[in-house]
Amino acid sequence: MGPVLAGFLQLLALIGALALAYIPLGNYMARVYSSDKHWRVEKWIYKGIGANPDAEMTWPAYLRGVLAFSAVSVLFLYLLQRLQGILPGSLGFDSVNPAQSFNTAVSFVTNTNWQSYYGEQTMGHVVQTAGLAVQNFVSAAVGIAVAVALVRGFARSRTGELGNFWSDLVRGTLRILVPGAAIAAIVLVACGAIQNFSGIHEVGQFMGGSQQWNGGAVASQEAIKEFGTNGGGYFNANSAHPFENPTPFTNLFEIFLLLVIPFSLTRTFGVMVGSIKQGYAILATMATIWVGFVALMMWTEFAHHGPALQAAGGAYEGKEVRFGVGSSSIFAVSTTLTSTGAVDSFHSSFTGLGGGITILGMQLGEIAPGGTGSGLYGMLIMAVIAVFIAGLMVGRTPEYLGKKIGSREIKLAACYILITPALVLIFTAASMALPTPPHSMLNSGAHGFSEVLYAFSSAANNNGSAFAGLNANTDWFNTMTGLAMLLGRFLPMVFVLALAGSLAEQKPVPATAGTLRTEKPLFTGLLVGAILIITGLTYFPALALGPLAEGLAS
Amino acid sequence: MNNSVSNTARLFGAGLRALLVLTLVTGVIYPLVVTGVAQALFNDKANGSEIRSDGKVVGSSLIGQSYNLPLKKGQKTPDPDLKWFQGRPANGLGTNSVNTQYKLLLSGATNLSADSKDLLKQVEAAKAAVIKDNSVPGYTVKASEVPADAVTSSGSGLDPDISPAYAELQVHRIAAKNGLSVSAVEKLVKDHTEGRTLGFMGEPRVNVLELNIALKDLVAKQ
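Residue numbers (numbering that gives the first Met the number 0), protein chains in the order written: chain A, 0 to 553; chain B, 0 to 221.
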């Protein structure tokens, strides 16, 4: 069997596994966020928090909960890093400097997991497990909570109520993320991922002398890193490191983990709005883009254009032998079309067009299938835009799921889709125009520009992967990517929750013969087109200067 | 005014308490339970899949190593010890400049682009070296026979594997340097070649450390 066929079969196996999980996990998540029963341990937690989990919240109250929890999280994680030098369990590592601590704190709280530090050389046990890994859980839970609030906005009418943030946060963590991650972590250990607290110790070598290992709680963090679409590696090499991702099976398993919640949430959405078919239409849109991108990526990586790759005879630079080109291509597309940003191979050394595909994947807004929660709400915003475009074409007031898309709704949706492109393009332009930031680039020419464009696309879209040649540990990049991550995460959430509140207040409009059937393939086609055209027009000039220039030259 | 200040304080208080409780669950209980289960059920793997030769730990079967001669005077990069099978280049691994307190195992890629002149030079130099090192009397390596993994650095810089093609390419050299027959070394490579998992996952591979340990045993037997 050739590597191309093997790559294709791996893709099929992945699709099969995702399809098997889709209905049970989607239904389960719908029950988690609809049930009125609390677990006993949850009741204790609510008592500890001092919150009434049955108190319904309007959108401003829900938003205040999100922002307060996230602000406290940033501060806590910042202090933890600043105090590392005097905390026990730090393996003798120093405190992290202020700019890097700010960047890392923001990065993990926003579900981005951009890393300007080297994990194995910077962070001790306490910061890794009680700081970074915790945000891997709760930032994912916050994302799902906001998505569920938006779904409730569609599902409910004549009310301003969107549910209770504390309850959604705790349930998402306890009922979905912790059990899933625990099982996944054990599977990873069984395949060779490490899980210990041995710290820094010497291990003998074949040729004599010794290696120094930094042992830690790797598998437990790896599991939630993928399952919560986080992406922050325990080690610098992320999921390319054999202790994080030891075998070809774990590689596929990790891709499965990072896709399964975002895809299955479309089922949760379908169940909660009372029409499974609406969920399928959204799923079909996500799947079309994902499969299309994977196919393109495999084509360009197997063709290995580019002088250095041609000389080598294959696109193996930055890729591991055990994964090969096929599996690495699937990983690269999946991690950039979700908000994960974990890498099992280094995107900077992909072909010019392959690198462009990863950048474009993030720039689509990470909606196919996107991050945990953020993928679904991002896609629903695009659906609102698509319905609006269709409405303009036929001259009718647009509706979606029985709700009128009036001027208030469309303004909120438009604000949402303008934020991240503005952040990406303005920050990239500023970095290129100023005298010192370009010194951070490793490669020259078009690829150097791509490194900067990649960095801000990744930060503002909360992805976290990088063209890692860029030296991002400078005051400029730590500060600016930090700002891009913060604004790129929380401003969109403001508009999503405002939209949810506005939809929940409406009374439903009955469907008529003239209503656009949003559960049909026609709508899926319209939605895919709207996404590609809107993103394409926004980013085309920037892409032409970077990855397209590099790709077409080779 | 007072009211809104106290409301805000209450909100942040709730946020802080929620974070602390969830830190206890996901940052303390969860990793400890997973570690307990992992250590009990998969002790060897949870601790890094250490591998022994002659009763001594010689590394991890998951982590690639270098098989070099000791540095000569004035030399910056050591020469490969051609008696042993060689792994992939690891040009992405820099020096430990971040944390001078330790000499930790570093991981990382070169991140050089497909159109990078530096990468092109590295690849061409590696290819020339592979051809030179592996061409022995009676066996000449052709440029077209050198597989891509032999001349490129991996993502982690710690790739434990090489492709079967690269292992086979080294067979004649290994046989000559160790005074073994080509067929014995060929058999060794074949025994250590692992196919795709379930026939389709990943790529076929040869674990270099395991192969060299077996080679050492074979040489000792002779």
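Hints may contain errors.
[Unchecked claim] Chain A residues, not near chain B, derived (Cβ > 12 Å throughout):
{"#": "1", "residue": "K36"}
{"#": "2", "residue": "K46"}
{"#": "3", "residue": "L66"}
{"#": "4", "residue": "P97"}
{"#": "5", "residue": "I185"}
{"#": "6", "residue": "S238"}
{"#": "7", "residue": "L251"}
{"#": "8", "residue": "A294"}
{"#": "9", "residue": "A432"}
{"#": "10", "residue": "L469"}
{"#": "11", "residue": "P540"}
[Claimed, not checked] Some chain A residues close to chain B (C-beta under 10 Å, calculated; not the full set):
{"#": "12", "residue": "P2"}
{"#": "13", "residue": "E55"}
{"#": "14", "residue": "V133"}
{"#": "15", "residue": "T172"}
{"#": "16", "residue": "L173"}
{"#": "17", "residue": "S219"}
{"#": "18", "residue": "Q220"}
{"#": "19", "residue": "P241"}
{"#": "20", "residue": "W298"}
{"#": "21", "residue": "A314"}
{"#": "22", "residue": "G401"}
{"#": "23", "residue": "G405"}
{"#": "24", "residue": "S406"}
{"#": "25", "residue": "G447"}
{"#": "26", "residue": "A529"}
[Said to hold, decoys possible] Now the stretches of chain B that chain A is said to cover, found in silico as 3 or more residues with beta-carbon under 8 Å:
{"#": "27", "segment": "128-141"}
{"#": "28", "segment": "166-178"}
{"#": "29", "segment": "183-192"}
{"#": "30", "segment": "205-215"}
Hints listed in this document are in silico derivations from the structure and should not be mistaken for laboratory results. Glycine residues also receive a C-beta, built at the ideal position from the N, C-alpha and C atoms.
Please check whether A/L173 passes as an interface residue: C-beta within 10 Å of a C-beta belonging to chain B.
holds (7 Å)
Hint check: is the beta carbon of A/G447 less than 10 Å from a beta carbon of chain B?
With a minimum Cβ separation of about 9 Å from chain B (threshold 10 Å), the hint on A/G447 holds.
Find the nearest Cβ of chain B to the Cβ of A/A432 and say whether that gap is larger than 12 Å.
Holds, since 22 Å exceeds 12 Å.
Verdict on chain A covering the segment 205-215 of chain B, criterion of 3 CB contacts below 8 Å:
holds (count 3)
Does A/W298 pass the interface hint, meaning its C-beta sits closer than 10 Å to a C-beta of chain B?
A/W298 check fails; min Cβ-Cβ to chain B is 15 Å, beyond 10 Å.
For the hint on A/A314, does the least C-beta distance to chain B fall short of 10 Å?
holds (7 Å)
Given A/S219 was flagged as interface, is its beta-carbon under 10 Å from a beta-carbon of chain B?
holds (4 Å)
Is the interface hint satisfied for A/E55? The criterion is a beta-carbon contact with chain B at less than 10 Å.
violated (16 Å)
Double-check A/T172 for me: the hint is only fine if its C-beta lies closer than 10 Å to a C-beta in chain B.
Check passed: Cβ of A/T172 comes within 6 Å of chain B, closer than 10 Å.
Tell me if the interface restraint on A/G405 is satisfied: Cβ within less than 10 Å of some Cβ in chain B.
violated (31 Å)
Evaluate the condition: distance from the CB of A/L469 to the nearest CB of chain B exceeds 12 Å.
It is violated; A/L469 is separated from chain B by about 8 Å at its closest Cβ, not greater than 12 Å.
Just checking, A/P97 versus chain B, shortest CB gap more than 12 Å?
holds (17 Å)
In summary, the numbered hints that this structure violates are 2, 3, 5, 6, 7, 10, 13, 20, 22, 23, 24, 26, 27, 28, 29.
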